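Q: Sequence:
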Amino acid sequence: DAINYDELMQEAPNVIYTVTLNKQLNQVTSIKADYTSGIQELLVKLMNHYPELFSLISKEEVKEMFFEAFKKYETEIAGRPFVVETGKMCALSNGSCLVRYGETVVLANVTMSANPREGIDFFPLSVDFEEKIYAVGRIPGSFLRREGRPGESAILSSRVVDRPMRPLFPKDMRNDVSIVMTVMSVEPDCDPEITGMLGAIIATEISDVPFNGPIGGISVGLVDDEIVLMPSAEKKKNNKLDLTLVCSEEK
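Everything in the sequence shown is counted per the numbering used here, starting at 20 for the first residue and increasing by one.
What the hints contain is simulated information worked out from the structure, not anything from laboratory work.
It is possible that part of the hints are untrue.
[Stated by the list, open to error] Taking lysine-lysine pairs in the DSSO-like style, the calculated list, with each CA pair at most 30 Å apart, reads:
#1 K151 with K91
#2 K259 with K151
#3 K90 with K107
#4 K190 with K255
#5 K91 with K270
#6 K259 with K270
#7 K107 with K151
#8 K254 with K151
#9 K190 with K151
#10 K255 with K270
All figures in this text were calculated on a predicted structure; none of them were measured in a lab.
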């Protein structure tokens with residue numbers, strides 16, 4: 020009751036927050052808020068204004084609630100929004116990003132072992148394209164309640180990502196590297212394979228894993244004798260070309 024919520028809404032109208040108040044102690048015990056800009060400064064201002072109410076929470080704890088390394092980049096590919104988010108999830112991986120293309124969402128992670136593997140003469144790179152049934156709005160039922168092994172499309176998608184990326188790692192590299200693309204949701208018009216590929220490239224490029232990138236990839240189709248980039252599900256019905264193009268800025 021000590022907080023003037025009308026004043027708060029005027030200062031931050033787009034912020035959604037939850038404050039837990041212990042009535043016996045008459046003190047705030049926890050704060051949960053979305054991570055829109057300005058909320059951290061607002062909470063610190065609240066703590067300065069109502070010190071007796073926030074005596075159980077330090078300013079340092081408030082700062083730790085927020086992802087200071089969080090970054091978001093937006094552009095368009097073939098007329099559809101393409102968004103990359105980093106710095107919020109999977110902080111223990113060498114590189115991680117959440118990629119959104121339309122309503123298709125793929126989480127890409129890259130990890131590398133600290134030491135090279137001994138006794139091998141090849142580069143131990145593992146690329147996995149993880150398809151999840153829930154990504155298309157279905158939950159496994161009956162006795163098959165678990166995800167099965169990767170299907171043929173998932174294996175081929177992993178290879179499509181592996182082939183252009185593998186030559187860009189150092190030839191003498193022997194550290195284990197794992198690239199995992201997890202499909203969170205799928206929009207039929209926005210190909211998760213290309214979305215995952217771009218996510219894998221971005222995650223590797225921003226990591227500390229040696230990689231001679233960046234490169235980019237796109238799907239190319241031929242519909243009614245015209246080249247179409249990232250063809251939609253409707254256009255794929257009459258598509259005569261299924262081409263995935265991956266290249267660097269030079270070649």
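Q: Now, for every hint given, state plainly whether the structure supports it.
A: Comparing the hints with the structure gives:
1. K151 with K91: Given pair K151, K91 holds - Cα atoms ~25 Å apart, limit 30 Å.
2. K259 with K151: holds (28 Å)
3. K90 with K107: holds (8 Å)
4. K190 with K255: The given pair, whose Cα atoms are some 38 Å apart, is violated under the 30 Å limit.
5. K91 with K270: OK: K91 and K270 at ~28 Å, within 30 Å.
6. K259 with K270: holds (25 Å)
7. K107 with K151: holds (22 Å)
8. K254 with K151: The hint holds at about 25 Å.
9. K190 with K151: violated (33 Å)
10. K255 with K270: The given pair, whose Cα atoms are some 27 Å apart, holds under the 30 Å limit.
Figure legend: structure checked against the earlier numbered hints; hints not met, in rising order: 4, 9.
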